Structure formats: structure tokens, C-alpha cells
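Using the sequences and the hints given, assemble the complete structure.
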Amino acid sequence: MDIRQEIEELRELIRYHNDRYYNQDDPEISDYEYDMLYAKLKKLEEEHPELVTSDSPTQKVGGTAKREAGVPVKHNVPMLSLQDVFSKEEVYSFVNKILKEKEDTLFVVERKIDGLSISLRYRDGELIMGVTRGDGINYGEDVTDNVRMIDDVILRLKNPIPYLEVRGEVYMKFENFDAVNEKLEAEGKKTFANPRNCAAGTLRQLDSQIVKERKLSLFVFNVQDARGISFDRHSESLEWLKDQGMKVIEDYKLCRTADEVWEAITDIGKSRGSFGYDIDGAVVKVDSLADREYFGTTSKVPKWAVAYKYPPEEKETVLRDIRLSVGRTGRITPTAIFDPIRLCGTNVERATLHNQDRIDELDIRIGDTIIVRKAGEIIPEVLSVVKDKRPKDSKPYSIPMVCPSCNAPAVRDENTADIRCNNLNCPAQLIQHILNFVGRNAMDIKGFGEAYIEALVREGYVKDIADIYYLDRYRDELIDKGLIGKEKNTDKLLKIIEDSKNNDIDRLITGFGIRNIGRQAATELMNHFKSIHRLMEASYEELIKVKDMGDISAGAVVEFFRNPDNLNILSRLEQAGVNFEKTDEQEEGSEVLSGLTFVITGTLPSMSRPQMEEIVKKHGGKVSGSVSKNTDYLIVGENAGSKLTKAQQLGIKILSEEELLKMLESKDED
Numbered sequence: 070m071d072i073r074q075e076i077e078e079l080r081e082l083i084r085y086h087n088d089r090y091y092n093q094d095d096p097e098i099s100d101y102e103y104d105m106l107y108a109k110l111k112k113l114e115e116e117h118p119e120l121v122t123s124d125s126p127t128q129k130v131g132g133t134a135k136r137e138a139g140v141p142v143k144h145n146v147p148m149l150s151l152q153d154v155f156s157k158e159e160v161y162s163f164v165n166k167i168l169k170e171k172e173d174t175l176f177v178v179e180r181k182i183d184g185l186s187i188s189l190r191y192r193d194g195e196l197i198m199g200v201t202r203g204d205g206i207n208y209g210e211d212v213t214d215n216v217r218m219i220d221d222v223i224l225r226l227k228n229p230i231p232y233l234e235v236r237g238e239v240y241m242k243f244e245n246f247d248a249v250n251e252k253l254e255a256e257g258k259k260t261f262a263n264p265r266n267c268a269a270g271t272l273r274q275l276d277s278q279i280v281k282e283r284k285l286s287l288f289v290f291n292v293q294d295a296r297g298i299s300f301d302r303h304s305e306s307l308e309w310l311k312d313q314g315m316k317v318i319e320d321y322k323l324c325r326t327a328d329e330v331w332e333a334i335t336d337i338g339k340s341r342g343s344f345g346y347d348i349d350g351a352v353v354k355v356d357s358l359a360d361r362e363y364f365g366t367t368s369k370v371p372k373w374a375v376a377y378k379y380p381p382e383e384k385e386t387v388l389r390d391i392r393l394s395v396g397r398t399g400r401i402t403p404t405a406i407f408d409p410i411r412l413c414g415t416n417v418e419r420a421t422l423h424n425q426d427r428i429d430e431l432d433i434r435i436g437d438t439i440i441v442r443k444a445g446e447i448i449p450e451v452l453s454v455v456k457d458k459r460p461k462d463s464k465p466y467s468i469p470m471v472c473p474s475c476n477a478p479a480v481r482d483e484n485t486a487d488i489r490c491n492n493l494n495c496p497a498q499l500i501q502h503i504l505n506f507v508g509r510n511a512m513d514i515k516g517f518g519e520a521y522i523e524a525l526v527r528e529g530y531v532k533d534i535a536d537i538y539y540l541d542r543y544r545d546e547l548i549d550k551g552l553i554g555k556e557k558n559t560d561k562l563l564k565i566i567e568d569s570k571n572n573d574i575d576r577l578i579t580g581f582g583i584r585n586i587g588r589q590a591a592t593e594l595m596n597h598f599k600s601i602h603r604l605m606e607a608s609y610e611e612l613i614k615v616k617d618m619g620d621i622s623a624g625a626v627v628e629f630f631r632n633p634d635n636l637n638i639l640s641r642l643e644q645a646g647v648n649f650e651k652t653d654e655q656e657e658g659s660e661v662l663s664g665l666t667f668v669i670t671g672t673l674p675s676m677s678r679p680q681m682e683e684i685v686k687k688h689g690g691k692v693s694g695s696v697s698k699n700t701d702y703l704i705v706g707e708n709a710g711s712k713l714t715k716a717q718q719l720g721i722k723i724l725s726e727e728e729l730l731k732m733l734e735s736k737d738e739d
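Numbering-wise, the sequence shown is residues 70 to 739 according to this note's numbering.
It should be emphasised that the hints constitute simulated quantities derived from the structure, not laboratory data.
Every value quoted in this text rests on a predicted model; they were computed, and no experiment measured them.
Misleading hints may appear alongside valid ones.
Unchecked claim - Listed next, the in silico DSBU-like pairs over lysine-lysine satisfying Cα-Cα at most 30 Å (straight line):
{"id": "1", "residue 1": "Lys284", "residue 2": "Lys227"}
{"id": "2", "residue 1": "Lys166", "residue 2": "Lys339"}
{"id": "3", "residue 1": "Lys515", "residue 2": "Lys550"}
{"id": "4", "residue 1": "Lys284", "residue 2": "Lys259"}
{"id": "5", "residue 1": "Lys515", "residue 2": "Lys599"}
{"id": "6", "residue 1": "Lys550", "residue 2": "Lys252"}
{"id": "7", "residue 1": "Lys316", "residue 2": "Lys369"}
{"id": "8", "residue 1": "Lys242", "residue 2": "Lys259"}
Unchecked claim - Derived DEER-like restraints, expressed as beta-carbon distance ranges:
{"id": "9", "residue 1": "Asp634", "residue 2": "Lys550", "range": "23 to 29 Å"}
{"id": "10", "residue 1": "Lys722", "residue 2": "Pro633", "range": "45 to 51 Å"}
{"id": "11", "residue 1": "Lys339", "residue 2": "Lys281", "range": "31 to 37 Å"}
{"id": "12", "residue 1": "Pro229", "residue 2": "Leu730", "range": "56 to 62 Å"}
{"id": "13", "residue 1": "Pro460", "residue 2": "Val480", "range": "29 to 35 Å"}
{"id": "14", "residue 1": "Glu159", "residue 2": "Ile279", "range": "37 to 43 Å"}
{"id": "15", "residue 1": "Ile279", "residue 2": "Lys722", "range": "37 to 43 Å"}
{"id": "16", "residue 1": "Arg544", "residue 2": "Val455", "range": "57 to 63 Å"}
{"id": "17", "residue 1": "Thr260", "residue 2": "Lys227", "range": "35 to 41 Å"}
{"id": "18", "residue 1": "Lys461", "residue 2": "Glu75", "range": "47 to 53 Å"}
{"id": "19", "residue 1": "Cys475", "residue 2": "Pro633", "range": "16 to 22 Å"}
Glycine included, C-beta positions come from ideal geometry on N, C-alpha and C.
Have a look at this one:
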């Protein structure tokens, strides 16, 4: 790969993950994995300085100011990030470089709290504003009302001065994080992956009462600006802040040598498991404020400080069991059940083992001592087995070739590691299969939630997807039993089910749950065969000619329509009046966007993204979830994010909703 291309791809990947972390509070990779990407980019740019650009992530700070979350506020003092280091050698190099120029330098070593950075402004002793980091250089967000709800934020200094600005970290203690997730889970809402995400999402709430209920915490770690008082040293300023009633960073250490600095970092690392909150490193700072001025800053980081990043947290525990579950497609998944441990702010007691190949690779056995970490600081995974601690009577584990739900024989897929139950009446598969069928990407039967499905399956009203279209026969019984609510709610759902009979057949094909056949593949099948009957009769050789249809997908379609149970379900669906033909509406203008690939991003002014996707597909276009060199157009709404940035870099044409509709009108006229 060309070095210029490699650097550009790294930059785009880092921008994407910056957006996930800073702006969406929903990271996809761990801090460590992000740091490795960043370090690689930095190294390449150092080796090729002629390729450094002003918009590179190495030259910028953090995210953007999210206008929907608060009023943008200009920073009085930049909220810079820190240079990351990952080894003892890098720490010694930093310290000794400083000592070489200023041999009497004192260093402060502090815990690096994993939270959301914020600045607090006080005028004449009164809190006047709280501002998030935002882009770190120009603008942050005004979150004053919310920070007033944090108990650790003092509203008035004990000894008022004309102006004070401090920087701190808003975070969430484990106990409060657990309480928030327990409440969300009880309400049937999505829980937070870790305390950092929860703290960031909470601070951006429009309702300050939610902030108060969730009990955020704060540590102050720096004086950004002060008028009416002066300090010589950072440690002196922290003690003064403490006297004002502020909660400052705990147990910081003053050090004179690289050995002392490393010892302080090591001590923090050893103790991190005993803290009531997450840290993601240790910060080493020059204590003298005059020396800080002397060493200065780059456009992104101060030269007088570094952040040492600890490796991903790993803990030992004991494997107590391997439990098996069955998914919608019949895939049997083994899950490790172990003694509870705390990782990245959450209690963890289970992790997927994926399949038999992974079990064999780890040589994992019940009773083993195992090492667990969180992949991406979100998904628990078993890293390895401590074989020195293995019980003498342990035995290798093999997934039984019997379905754990229905006891039907299980089979291993050819050329894959998956073991499946092929019993279509398996109860474990049924609920997941119906959820897929009624879901937004399939038949889109709104309001048909999991609780209703479980009740209808339990009471015997739904034994397969076709039964959904015969529920109206039992209307009075359903109302009497309250299985889907009272009369009004029951009639509403039955009406939505009735209306769904007229859906496009690509939705029906998607709802069948055929392996490897998602919405895009279903659309291609619909465009090619025009009806379910023609699709049912298609041979493997015919299917393989369909656009984007591979060997496995074609084989799965043939297998689905050969199954007599599936044919019976299809017959009953057709008898119920479910549409089996490509409609005139689908035919109209179906080739206008043929051969073009679109990506949709942001909030559109008059329709949802799925609705826009429908329009594009009805006119023959293809919709992709990510921007690439194969993308022809990006359709954008408000808050378009990283996809817009990438499209601009690749020179992809940008369309608004209105422009896309006008394009369709003009092409139709042609």
C-alpha cells in the first residue's frame, strides 16, 4: 500500500473513532486499541513530515461541539489533550529530557480519571458557567445547569477572587453506574456499556433532574486561569482549591527522579482495582508553573506533561460452567459462566466462547482458572487459561450434538465452525425468528414487541410466522386474556398486521430469516425474480447469477424452499392474503437509479432513513451502510458526522433529501 494512502486511511479511521468516543459517547474499540492506531499514525507522520496536514488527528484535539446538546461556548483557555506513552522507557525518556534542561524539576503524578473533561468558571467567587471540552481549541458546550446538579461542584468559593477557571473530570462511581443501569434495565431501556459513556451521556441531558438522579461525580485537576491570586506550583494550586471546598484529584505524588515517577505510576496501577471508579492511566506533570511556560505546548499537547496508559485490564476468575443457547438461525452458542469480576466499571460473570473451534483453541475446561478482559472495553472475552491452576480431574469440553432447547439432533455446518439445530419448530428459535419477521427491516409490524410475542407463543396462538396473520380470528380471546393489551391496543396491532400484508416482497423475503439473506440481498432477489413463486422454483444456477449472490447464500435459499415445513408456512401466508408479487409501485421507476450506490446519514427533514432507503431501492439504487470509493452519492441530513467527512475527502457527490427527490423527478421526465 502507498504510504500516503496508508496515512489517509489511518486518519479517517481515527476520525471515525474520535466521533464515536467524543460526540456519540459510544466507542467501538478500547482506549488501548485507539491509542495503538494513534501511535502508528504519529510514527508514520514523523517518518514522513512532508505528508503532515493541518487537519490530521495528530494536529487536532478531541471531538466537536455538539450544538444539539448545548449552546456552543468559546474556550478562554484551550482544553488540550495529553501526549500518551505506553512503556517504562517512554516515561524515563520524558522525565530525563525535562531534567536535562531543568535539573531541579519536581513532577506531579496523578490518577487519570476515565470521564468527561469540563471547565468551571467562577466570577467573584460564584459559579457562572460549566463548559465541556468540545473541540478542545475553539468551542465547547454550555452545560451550566447540569453541572450545578453535581454534588462535588461547589457553587461558591470560600475565599472569592475576581475570576477563576478550573479544569476537572466528570465521572461516575461504580455504585451509581450500577444503579442507573438497573433502573434502565427495569424500564426495558438500553443500558450503558461503561461508566464513562454513562457520565458523558448524562452530562448532555436536556433534563437537569436526570443529572441529579444519576449522581455524577467530579475531580478538579488543574487551574486554567486565576485573577486575584497567583501560584508558583501546580501542587500549591491544588491545595488552595481544596481549601475552597473543591474535590481535587486524590493522592497525587511529588517526585524528583524518573525512578520515583515510575514507582508512583506502578503504585497507582496496583491500586486501581480498589478505586470506586475507573481510571485509564496516570498523568505525569511538571509542578512548576514557570517551567510549564518555559517548555510550552504544541498545537495539540503540552510539552510539560504525558499520560501513561495502562494495558487493558485483565483479571483472573474461575470457570464454573459452559451454557449453550440457540439463536434465530439455530446456531448453538457456548457461553462461559465464571465467578463475578469487575472490569471497566461493570460486574462481569459471562463471556461468549463463540464455537467449538474457539473452545479447542483455548483448551478451556470447566473448573479452569481463566483470564478475562473486555474487548473494546465493552464485550467480555476469555483471553487465556492459567493451566498451572487447572484441576487434576478436568476434562476437555465438546459441545453436544443435540439442541439444548428441543433435544433435536444438531449438525456442524460444512466449512464453518458453527453447530446448528435444524428443527424449525425449536422453541428457542421461534421467538427470535418472529422478532426478526416483525422487525423494522422486515415486515415492520410496529408495536409487536418481544413481550407480546412471548405471551402469544406461550399461550399457543403463534407457532410460526404464518400464525401472525390469523390472530384476528382470536380477537375477543386476546382481549379477554389481555395478551396484547385492552381492546384499543389489540385492534391497533391487528390493523398494523393487516396493513403489512401489502408490504413489498423484499420485506417478506427478509422476514423469512434465510441465512445470509438480509434486506439488500432480498431486494436483489425481488428485482430479479419479481415474485415469491418464481423465487421458490429457482435453481442454484439461476440464483448464483443474481447480483451479489454468493455460493453460500444461493445454497441457503435453495435449502429454505426445499423444506416442506417452510412450504406449508408459505402456503398459509399466501392464503392469508400476504403479498407475493412485486407491486406496480415497485416496478415504477425501478431502473432510474440502477447501478448507483447510496449512503444515507444524518436526520432528514421530512422522512426517516428507512423511508429514504425504500425510495432509493424502489428506483433501482443500492443502499450501503458505509462510505467507500464505491459510493456514488451521500444523502445527508442534519448532524451528518464522520460519513460526510469521508465522502468529502473521497470526492463523493453530496445530496440533500430535496436534491435526491428532484433528481428522481427529472430522471422520470426523461
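Structure-based check of all given hints:
1. As the CA atoms of Lys284 and Lys227 are separated by approximately 24 Å, the hinted pair is consistent with the 30 Å bound.
2. Among the hinted pairs, Lys166 with Lys339 is consistent with the structure: their alpha-carbon atoms are about 27 Å apart, no more than 30 Å.
3. Note on Lys515 and Lys550: the hinted pairing holds, with a Cα-Cα distance of about 21 Å set against a maximum of 30 Å.
4. The suggested pairing of Lys284 with Lys259 holds, with an alpha-carbon distance near 19 Å, which does not exceed 30 Å.
5. Restraint check for Lys515 and Lys599: satisfied, since their Cα atoms lie roughly 26 Å apart, inside the 30 Å limit.
6. In summary, the hint linking Lys550 to Lys252 is supported, as the alpha carbons are separated by about 29 Å, within the 30 Å threshold.
7. Among the hinted pairs, Lys316 with Lys369 is consistent with the structure: their alpha-carbon atoms are about 27 Å apart, no more than 30 Å.
8. Proximity of Lys242 to Lys259 is assessed by CA-CA distance (about 19 Å); at most 30 Å being required, the pair is judged to hold.
9. Separation of Asp634 from Lys550 is about 28 Å and conforms to the stated range, judged on CB atoms against 23 to 29 Å.
10. Taking 45 to 51 Å as the suggested C-beta distance range, the pair Lys722 and Pro633 conforms, at roughly 49 Å.
11. With their beta carbons about 35 Å apart, Lys339 and Lys281 fall inside the hinted range of 31 to 37 Å.
12. Between Pro229 and Leu730 the beta carbon distance is about 59 Å. The supplied range of 56 to 62 Å therefore holds.
13. Between Pro460 and Val480 the Cβ separation comes to about 32 Å, which falls inside the hinted range of 29 to 35 Å.
14. Here the CB-CB span from Glu159 to Ile279 is close to 41 Å, well matched to the stated 37 to 43 Å.
15. Here the CB-CB span from Ile279 to Lys722 is close to 41 Å, well matched to the stated 37 to 43 Å.
16. Distance hint check: the CB atoms of Arg544 and Val455 are about 60 Å apart, consistent with the given range 57 to 63 Å.
17. Range check, Thr260 to Lys227: about 39 Å between beta-carbon atoms, so the 35 to 41 Å window is met.
18. Between Lys461 and Glu75 the CB atoms are about 51 Å apart, so this pair conforms to the stated range of 47 to 53 Å.
19. Judged by the Cβ atoms, the range 16 to 22 Å given for Cys475 and Pro633 holds: they are separated by roughly 18 Å.
In this structure, every one of the numbered hints holds.
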